[in-house]
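Q: These are the residues of each chain, in order.
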Amino acid sequence: MPDSTFLDSTELVLNMGPQHPSTHGVLRVILKLDGEKILGTDCVIGYLHRGVEKIAENRTWAQFNPYVDRMDYVASVSNGLGYCLAVEKLLQVEAPARAQAVRVILTELNRIASHLLWLGTHALDIGAITPVFYCMREREEALNIFERYCGARLTTHAFRIGGLQYETYDRFEQDVKAFCQMFPPRVDEYEELLTNNRIWGGRLKGVGVLTAEECKEYGVTGPLLRAAGVKWDLRKAQPYSGYEKYDFEIPTRENGDTYDRYIVRMQEMRQATRIIEQAVESIPSGPIMGKVPKVLKPPVGEAYVSIEAPKGELGYYVVSDGTTQPYRCRVRPPSFVNLQALDRMVRGGLIADIVAVIGTLDIVLGEVDR
Amino acid sequence: MADEQQPGGAGTPPGTGEAAGQPAKPPAAAAKPVPPKPAAPPPKAPAVMAAVPWESDLAREVKERFGDGVKATSTYAGQNFMVVAPDAAVPILEYLKLEADFDYLVDITAVDWPKRPDRFDLVYIVYSFSRNERVRIKTAIPDGFKPGTAVDVHLTANWLEREVFDMFGIEFAGHPDLRRILMPEEWQGHPLRKDYSILQQDQRWVRENLGIESGQ
Chain A
1 MPDSTFLDST ELVLNMGPQH PSTHGVLRVI LKLDGEKILG TDCVIGYLHR GVEKIAENRT
61 WAQFNPYVDR MDYVASVSNG LGYCLAVEKL LQVEAPARAQ AVRVILTELN RIASHLLWLG
121 THALDIGAIT PVFYCMRERE EALNIFERYC GARLTTHAFR IGGLQYETYD RFEQDVKAFC
181 QMFPPRVDEY EELLTNNRIW GGRLKGVGVL TAEECKEYGV TGPLLRAAGV KWDLRKAQPY
241 SGYEKYDFEI PTRENGDTYD RYIVRMQEMR QATRIIEQAV ESIPSGPIMG KVPKVLKPPV
301 GEAYVSIEAP KGELGYYVVS DGTTQPYRCR VRPPSFVNLQ ALDRMVRGGL IADIVAVIGT
361 LDIVLGEVDR
Chain B
371 MADEQQPGGA GTPPGTGEAA GQPAKPPAAA AKPVPPKPAA PPPKAPAVMA AVPWESDLAR
431 EVKERFGDGV KATSTYAGQN FMVVAPDAAV PILEYLKLEA DFDYLVDITA VDWPKRPDRF
491 DLVYIVYSFS RNERVRIKTA IPDGFKPGTA VDVHLTANWL EREVFDMFGI EFAGHPDLRR
551 ILMPEEWQGH PLRKDYSILQ QDQRWVRENL GIESGQ
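Line order of the protein sequences matches chains A and B.
Sequential numbering of the first sequence, starting at 1, is according to the numbering used here.
Sequential numbering of the second sequence, starting at 371, is according to the numbering used here.
One chain only, chain B, in its complex shape:
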């Protein structure tokens, strides 16, 4: 999609391609000079991801082994993931590595949902070379919770967890070297939290290190 396509321009709304029928607003609303407002009113109850249960031998094995530790195994858009209890995440990673050959930790990241009591989604993505299969492991943790580190299972978790710590302020218990990695070490605040504005800066750091009042 390109820049020259103006949001309010087209008379009749797309409808056609709108994949998951958000019942599009009445066409009349899109008159002409409207671009600023459409995003504003959050329509009705927040929609949820239309995931379907994921049934497979692997999902069953993990469920059997970890019981209540596994809250759900689902599939969305053809991609499998499991939602697990915070304490079970690393043991499951280890189990998957040793028993099911998921020997490659692709990524660790987080998503901030400030309105939820369990504020962060911590996401691990693992891949198995022999099975050619990818699984996501998601766990919801409250602010201040210190999930266990995965470094003992996968060495690559070291920098990935440092980045999550840097960007979200999630501290990993037992991490061998938990320092900021992308932001300056003395920086205050964690930029990828939703309450961190895109214009926000650590003014003191900027003043002391760059000798200017503000970068903006």
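Just chain A, same shape as in the assembly:
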């Protein structure tokens, strides 16, 4: 063996998952390795496939509403908002102003809850154990508000087509304001633990780079796109639910690596708090339900409506044939599309980095597999 080095390595195929703590669910990645270097990956997904789109065709428009919560179950409020907006588009109704304000508050709270879960588990994957406890502590506060509002903490079914079912509870405003008071200092706390931490930086900087061009090629949206320098957020680009009324910024960074995505998400949590503060100050009074018939029969037609979910563009393509049931309800899930870029992000990198990259993708397998 004259030509080979002392530690000659041949190509090794390694199976990661589906039961692996750092895959955040049931993701299976088949890795092709040369020593520690990743030569290629193949994602095997579908372990959590429940046929949500098929179920939609066998339920009425309103009955399907709770099912969407089970896709991205850490951001169920966003899922519900997207679906309600899509059906409202078909019905050509709009939720009343009061409902919209409450929707924005809950959706942004959910964005924070989703980002907190991401931060905690991402840091845990990298080896920092402390943040996850802090993050869960604050996430609890957000979930408590959901619970008091609608009785559920995770799969909330908070919204109805046409508005809201429940009026806000008595101390809703106080609770939300208290959260907004409490939260920003806590973000400082996380940042103190991580932002300038040398190990954190060492594990994240320059890892899993995705340029703006690559993001567009792969259809990658959300914090990943913004970390690559594209200032694009559907809440600004095509405002819905009255987002145009609120003053907030779209945080961006330039490098498109895992560290930048961390920074972007941290800032998004601060911006979300800003939005909530403004919204809760000015919840209009009035009805919470628009004029929708008791039996929903959208006219024959189709619509694609998308929102800025915590993970990226969440779209619903709904087709009505004029009956009480959706003829087709396609979900465009951000996690599914973003996951496709995994191969590009880790190819040529080290095997340890794939854990960081899966974490930074912030996928939820319930949404990938539907």
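Think of the hints as simulated: they come from the structure by calculation, not from any bench.
The model shown is predicted, which means the values in this text are computed figures rather than measured ones.
Heads up, the beta-carbon is just placed ideally off N, CA and C, and yes, glycines get one too.
Wrong hints could be hidden among the right ones.
Stated by the list, open to error - Some chain B residues well away from chain A (every beta-carbon gap over 10 Å; in silico):
(1) Y465
(2) K516
(3) R577
(4) G581
Said to hold, decoys possible - Reference listing, derived: stretches of chain B covered by chain A, where coverage requires no fewer than 3 residues with Cβ under 8 Å from a Cβ of chain A:
(5) 494-506
(6) 521-531
(7) 540-553
Given the structure of chain A, go ahead and fit chain B onto it with the hints provided.
A: Just chain B now, with coordinates in the frame of chain A:
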């Protein structure tokens, strides 16, 4: 709308909010214990989407460039779409990407209309960051037709087309890696086709892999 609102309950029918005047059935019909039947009789000729023509520079340019390839450019509910010939879909995607800056392929999906000769609607949704504009490209294809892949134009089409193949059985010619993506690889049948019942399963697969007679 909530679960506790019973379809047959309200005496006088909505009428009020019914957006697109399906002339609601006479109120008397909704007496009380009726819930099962309303959907059954398909009333008269199937209604069509009330789309209006979409006039814009972009629509005109695409029409000029592709001639008969573009069958219609329309707007419905404020959303623009074009209906194109099956062979023209991918060239139009490419044209839109290169010439009109529609650089983000949002989604590819399909809709099954089993009663039509051209059974499937294949739908591409594209978005342009610079124009902040979204367009849908729809094309009708018969069962067994193999549309060209869009992977060469947008990389993201890879998984999206795999999902369409998995769910509808539409094969994309020239796709680099056309495998099932969500269903198990040996599964028989394509679940989102309308003739695939919601209770239907690949019994053999279930027996062999899960060791049970049926999941139901």
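Q: Does each hint hold? Answer for all of them.
A: Here's how the hints hold up against the structure:
With a closest Cβ-Cβ approach of about 17 Å to chain A, Y465 (chain B) is found to remain outside the 10 Å limit, as its non-interface label requires. Non-interface status of K516 (chain B) relative to chain A is upheld: no Cβ of that chain comes within 10 Å, the nearest being about 21 Å off. The non-interface label for R577 (chain B) is consistent with chain A: the shortest C-beta to C-beta separation is roughly 19 Å, beyond 10 Å. Residue placement check: G581 (chain B) keeps its beta carbon more than 10 Å from all beta carbons of chain A (closest about 17 Å).
Only residues whose C-beta sits within less than 8 Å of a C-beta in chain A count toward coverage, and the stretch 494-506 of chain B has 5 of them, enough to reach three; the restraint holds. For the stretch 521-531 of chain B, the stated coverage by chain A holds: 6 residues have a C-beta nearer than 8 Å to a C-beta of that chain, and at least 3 were required. Coverage of the stretch 540-553 of chain B by chain A holds. Counting CB-CB distances below 8 Å, 4 residues qualify, and the rule asks for three or more.
Against the hints set out earlier in the document, no violation occurs for any number.
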